[in-house]
Each structure stands twice: as C-alpha cells, then as structure tokens.
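Undergrad: Sequence:
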Amino acid sequence: MASIFTAYPTPEMVQSSSGDGDEEWLEHDWERHYSYVGLSVGFGLIALIALVQLIRIQMRVPEYGWTTQKVFHLMNCVCATYRCIVFAFRKPNQDLSSSDVLTTLWLDLPGLLFFSTYTLLVLFWAEIYHQARSLPTNMLRPTFTLLNVLVYALQIATWIYMTVGTNSHDESDTLRTVTASFYAVVYFAAGCGFTIYGGRLFVMLRRFPVQSPGRRKKLKEVGSVTSVCTTCFLARAIVVAYAAYKKTADLDNNEASDAVPMLNFFYYVFVEIIPSALVLWILRKLPPRRTNNGYHQIS
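Everything in the sequence shown is counted per UniProt numbering, starting at 1 for the first residue and increasing by one.
Incorrect hints may appear among the rest.
[As the list claims (entries may be wrong)] Straight line, CA to CA, 27 Å or less: simulated DSSO-like cross-link-like pairs of lysine-lysine: (1) 220 / 70; (2) 70 / 218; (3) 285 / 218; (4) 285 / 217; (5) 70 / 246; (6) 70 / 285; (7) 220 / 285.
[As the list claims (entries may be wrong)] Taking CB as the label site, the calculated pair distances span: (8) 135 / 246: 40 to 46 Å; (9) 218 / 238: 27 to 33 Å; (10) 143 / 204: 16 to 22 Å; (11) 218 / 58: 38 to 44 Å.
Since the hints were made in silico from the structure, they are not lab data. Each residue gets a CB set at the ideal place from its N, CA and C atoms; glycine is no exception.
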C-alpha cells in the first residue's frame, strides 16, 4: 500500500495537463490528498490525547483495573489510531466503487469501533441511572452486547456477500442502499440513547440538593456530553441516510464525490474529530484517589 507521500501528481503535471477535464481531475486529486493528510493528523491528535488520558487515569488509580472509563479511552485511542492509519495510506485517486472486500473492511471497521466506543458511554450512564433509581440492571449489558453483535454481524454478512456474490451493478446499488439505511437507523438509535439516558441523568442530578458536592460540575458534564453526542449521531444518521439514496453524495467514493471533493473531510471532522475532542475535553477530570481508609477525597 502506497504512502501518502507517493503516487500523487506534481504541480508540474497539473500545469502540463492538456485539457480542462484533466486539470479539474488533478485539482480534485490534490484536494483529496490534503484532506486525507489533514484527517490523518486530526485523528492522530485524538489518539494521542486519548492515550495520554488513559495513562493519567492508570497512574492515578492503578488498583481499579479496567474500569468503564479506562476502556472508553482505550477504544477512543484504538479507533482514532485506525482512522489515522487509514487516511495516511489512502491514495486520493483510489476508486472504491469496485474495490475488493479487504479495502471495504479496511474503511468500514473504524466506523464500527466508533459506534461501540460511544454506546459504551450510553451503557455507563444507563447503569448509573438504574442503580441510583434502584432499577434492575441485569439486562443493560446483554442489550449493549446484543446491539453491537447485530451491527457487526450485518457488516460481516455484507463483506461475505461481496466476496461470494455476483457484484452486478444493480446488486451493488441495492446492497449499498440497504446497508446505509440500516446504519442510519443504528446511528439514530445511538443518538436517541444519549438523549434518553443523558436527559434522565441530567434531570436526576438537578433534583439533588443544591449544596451537594460536585453537583454543578456533573450537571455541566452530563449536559455537555449529551448535547455533543446526540448532535454527532443524529447528524451522522442524516448524512448516511441522504447518501444512501443520493449516489453523488456517497462517502468514501471518489467517483461519486467529484463534485464535492472535500465531502469526506468535512464529514469526518464534524461527526468524529470535533465530537471526540470535545468529549475528551469534557471528561478530562481524573477519578479521585483512593485513600488509606477506603474513602475518596471530594474535589
């Protein structure tokens, strides 16, 4: 696989190009090149921030093992690192409309990891809310696991079909539409999950006595993360649903996006990079240290 610094047209090639069509193609190629570099750098920074935060938490409370908070930051780091590598080694003139299953897997897997990472946060909030209200929690983790298994199973089935199917033009279009529609529903459900449990947790915290330690900070934290993640997943659902029925807006397809060569750049910046950066910033506070008498210091 080629590096981001190879296989690109030079400015001299653009100047010597004969024909307006060639010049336009090369111009779009350069736009994609710089957008991929920018996305690679952006996701690299997110991965670095998540890794630093994970290390800080581990050094602060090493005795707690793999808590939900640590797993969340680890998955954030893995997902962002994967995206960074994908865009770093992605060629701007790569045609994905007829790509093999390995290329499709290479591009689709980070989106699944991103979904699992943030639905883990929904699970964490749901467990807090149910425990605080003395509600049963035994079905929360199985539901989370089942939802993720279904999403991954559908994607694996799609990859298998791409391997053994006839891959005719009509079949490919139908498969693309059905798969994108399913993911639009999944992202919409994730957004609703943040709205429901983030909203419930926010209302529950508001009912705490005003003098409760940390009440205001937790209200701000839950409200901010709920707003960011709900907006992120609902926007993602809308874009994916639109792209499912509008081929010229198809993501990760250079042929489809000739009219909008920066489509991928703005899409990933606004639905992954910015939301991830905001959530990592909002959740930057370290857990309290464990004291000798077993109690936590309130800070």
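Undergrad: Each of the hints needs a verdict: does it hold here or not?
TA: Hints and how they fare:
1. 220 / 70: holds (21 Å)
2. 70 / 218: Given that 27 Å is the threshold and the Cα spacing comes to 19 Å, the pair holds.
3. 285 / 218: The hint holds at about 11 Å.
4. 285 / 217: Holds - the C-alpha atoms of residue 217 and residue 285 are around 10 Å apart, at most 27 Å.
5. 70 / 246: violated (39 Å)
6. 70 / 285: holds (13 Å)
7. 220 / 285: Within the cut-off at roughly 13 Å; holds.
8. 135 / 246: 40 to 46 Å: Once the Cβ atoms are compared, 42 Å apart, the range 40 to 46 Å for residue 246 and residue 135 holds.
9. 218 / 238: 27 to 33 Å: Since the Cβ atoms of residue 218 and residue 238 sit about 30 Å apart, the hinted range of 27 to 33 Å holds.
10. 143 / 204: 16 to 22 Å: About 20 Å separates the Cβ atoms of residue 143 and residue 204, which means 16 to 22 Å holds.
11. 218 / 58: 38 to 44 Å: violated (23 Å)
The structure shown violates the earlier hints numbered 5 and 11.
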